[in-house]
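Read off the chains here:
2 protein chains.
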Amino acid sequence: MGDRRILILAEGRFGVLDAKTATCVIRYAADEVVGVLDSVTAGQTTDQVLGFGPALPIVATLEEGLALSPDTLLIGVAPRGGLLPDEWRTLIAAALEAGLTVASGLHTFLGDDPDLVAIAARSGGQIIDLRRVPDDLPVASRRADEVDATVVLTVGTDCNVGKMTATMELTLAARRMGHSAVFVPTGQTGLFLDGRGLAIDRVIADFIAGAAEMMVLDNAPGNDFVFVEGQGSLLHPGYSGVALGLLHGSMPDAQVLVHSPTRELSLNDEIEIEPVPEWIELHERMAAYLKPAPVTGIAINGWDLDESEARAWGERIEAEAGRVAVDPVKFGAERLIEAIVASQAATTAERR
Amino acid sequence: MGDRRILILAEGRFGVLDAKTATCVIRYAADEVVGVLDSVTAGQTTDQVLGFGPALPIVATLEEGLALSPDTLLIGVAPRGGLLPDEWRTLIAAALEAGLTVASGLHTFLGDDPDLVAIAARSGGQIIDLRRVPDDLPVASRRADEVDATVVLTVGTDCNVGKMTATMELTLAARRMGHSAVFVPTGQTGLFLDGRGLAIDRVIADFIAGAAEMMVLDNAPGNDFVFVEGQGSLLHPGYSGVALGLLHGSMPDAQVLVHSPTRELSLNDEIEIEPVPEWIELHERMAAYLKPAPVTGIAINGWDLDESEARAWGERIEAEAGRVAVDPVKFGAERLIEAIVASQAATTAERR
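Protein sequence lines correspond, in order, to chains V and P.
The numbering used here puts the last residue of the first sequence at 352; the count rises by one with no breaks.
The numbering used here puts the last residue of the second sequence at 352; the count rises by one with no breaks.
In short, the hints are calculated from the structure, not lab data.
The structure presented is a predicted model; accordingly, all values stated were derived computationally and were not measured.
Heads up, incomplete: computed chain V residues facing chain P, CB under 8 Å, no partners named:
no. : residue
1   : 82
2   : 205
3   : 289
Taking lysine to aspartate or glutamate and the DMTMM-like style, the derived pairs with C-alpha atoms no more than 20 Å apart in a straight line are:
no. : chain 1 : residue 1 : chain 2 : residue 2
4   : V       : 291       : P       : 278
5   : P       : 291       : V       : 278
6   : P       : 291       : V       : 274
7   : P       : 291       : V       : 269
8   : V       : 291       : P       : 272
9   : V       : 291       : P       : 274
10  : V       : 291       : V       : 281
11  : P       : 291       : V       : 264
12  : P       : 330       : P       : 309
13  : V       : 291       : P       : 264
14  : V       : 330       : V       : 47
15  : P       : 291       : V       : 272
16  : V       : 291       : P       : 270
17  : V       : 330       : V       : 315
One side only, chain P facing chain V, incomplete, derived with CB under 7 Å:
no. : residue
18  : 205
19  : 206
20  : 237
21  : 238
22  : 241
Just so you know, even glycine gets a beta-carbon here, dropped at the ideal spot from N, CA and C.
With the hints as constraints, model all of the structure from the sequences given.
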């Protein structure tokens, strides 16, 4: 993809579920990654920890990391609430001192820290706050409904369930099938990978849907498909507002539900996760008040499943939910795209 | 209530629906209001325009307004998106120049405008940005469920439908009935009237529910009732995220649905408003995933109804929805409080 030389900071968390930025960047931009900084798994290589991808070095200290000649330090862990842990500040300061670009998706903006800014100014280092959003966003008014492209929103049965990955796989599959398709990131990982889009969870509450609407309007022209990365979940105690705003602002034509079949309790709050058919019905209902958007398929998050387990879960969920269900990382998202196309064709036929 | 001397800026909009701040401040704090600035209705008195309250002067210019010896200029109109119209900037500058406190609920912070800040510093005037929120808010985690007080959230069948007014009337009725009750404002008008609370629509999206949770935890101790002012509506294209975050963060014991029976299309987007029973079912369902919160009654917004019309609508909605329905401004919210108490008693009995 690009030509950056990225060192990923995943201190103490590499290979753990909440180091999702680190994991996703290695999955989709490994050729740009020079190594990972994590004193816990240091000495191993990234493929040993993750079970996929190339064998990139894991180092214990920034000094060892700098020996890999990175030009970018990426904060690859997303702590709850997005605040900057104190112990990282020193490390970030040292990376800037060494002239690196530091890219951060934290809510705490590095660029608002006068000390870090001064160091960067002195050394020629740069600060990229991925979550910084424009301050002239609109209030949504259903304009995303006007685009010609087929807009697809990924939604989830929990937060941190693989919506970014599913969105990326849908985009790649659509392109493999000959469609023009754009990936619209709404979270820090996608933003780092792709550049376009904005961090929807950082937007002022009144403008969540407006930001989503704007992103759809900006990205739709000239594309067959717009794949919007979902955030949170409609039933997440902390993030449900973001999820609903994104749904009502982006006005998708179809929704793809991302689900981890082995996850019985939600990650942050340990709430029992509702059955898939309930999620489908809920999402279709909440969309339909403004615009019908069938849940055309389920993207299975199979990070903890082997191929035969993932296939078995797919069959089970298809039977239960009456929708295509596939692990897009293992098997590609082609069947999910086919289901979207079929659903759109049916809708168009009905309208005639 | 307080001892301010308030001049309300409602230029071009006084008596119109979106001048709700002006209307509500006159309804609940008329003794603090010296007059209204609106060149369109100037020459009349406020009671002639609003149909209630004392006869306060309406003036056409700031100069005439200053002759009423105000100490505070309140921006009493909420334009869509909350931006500062250019033509008001000059007027605000002049008010600050005259040493007034200027209170604003706009998204555009007056305190971020160097020119206005400089004028205030010179004249001794003050700027109060009601929508400014703390930047250390938490992510919600269902802690609002722990409080002993009965938490009541007002929810609405549209934005700008009277949730602030209903919340205030519920609080006043509960107090008249001998309960200790606190009003938790979440919008600029309530904040100006009361001081506590915060502008939930201004919060960064990740913290909507967290802010609601914090407000409930802060205000519950020592009170029988906490009345949380709702915002937006679950089906509003622009503001549904705020509404859902507020519901999931405040974890109410009961919801009161605010409804304008004559409003057939939603204000901003002209979407057909769903029937009341649909709203009740939707709200009860969205709450129940985290905690059951029956819609115990409907607060009728009867601003355009006379007493007999409001009573007739109440009877009709009660029959249709099977819930108490009353215009709390005309008839008091006592019956709505009784319904909440009865519902809570039934829940407690069931648990035993």
